[in-house]
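Residue numbers for the sequence shown follow the UniProt record's numbering, beginning at 1 and rising by one.
Please keep in mind that the hints were generated in silico from the structure rather than gathered at the bench.
Note that CB positions come from ideal geometry on N, CA and C, so glycine has one too.
All the pointers check out, no bait thrown in.
Simulated restraints, written as ranges between beta carbons of each label pair:
1. L2 - E59: 50 to 56 Å
2. Y47 - L152: 28 to 34 Å
3. Y48 - P94: 51 to 57 Å
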Amino acid sequence: MLLRWLKILLVFSMGLMCLFYALQNLVNLDSAYAVVSTVTRMENHSYYPSTFGFALTSEPLIWLATAFIVCFELLAGIVFVFAAWHLLKKRKAPQKEFQSAKYLTHVGTAIALLIWFGLFQTLGGAFFQMWQTELGDASFDGSFAYLASIALVTLFVNLVEPTN
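Put together the whole structure using the sequences plus the hints.
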């Protein structure tokens, strides 16, 4: 039973983390936009000054990208909180039922990984080369910490608890 409680708390913590990042972005929306803008405009790239792709300079599209990030951080956080609630309700259920109750945790994980792996690592890092600037590199490194912690916690949560 202790492992189930710990897993519930870990899933809830992932929800809080996603919500906290989303809310910090909301209360600092102009700054969030500035970071996304700097990355997508590919400003100050000295290591790889040329690109096979393109820089994104359209303000409406940059605002859309910023909104997408914040909305999906909120969505991941909400899904994780609901996942924790669902696990809490199933904490005394038989092993197979508790294992099945982890579905929402997997959904939350997929959403979070789409943000911090798909958007930040793949688009931001590989396409827009965000690692070339101090500001972009900090976001790039941070996104890896978020996706790695969420992936590792989810792997632990997904383990079947031993029967006593």
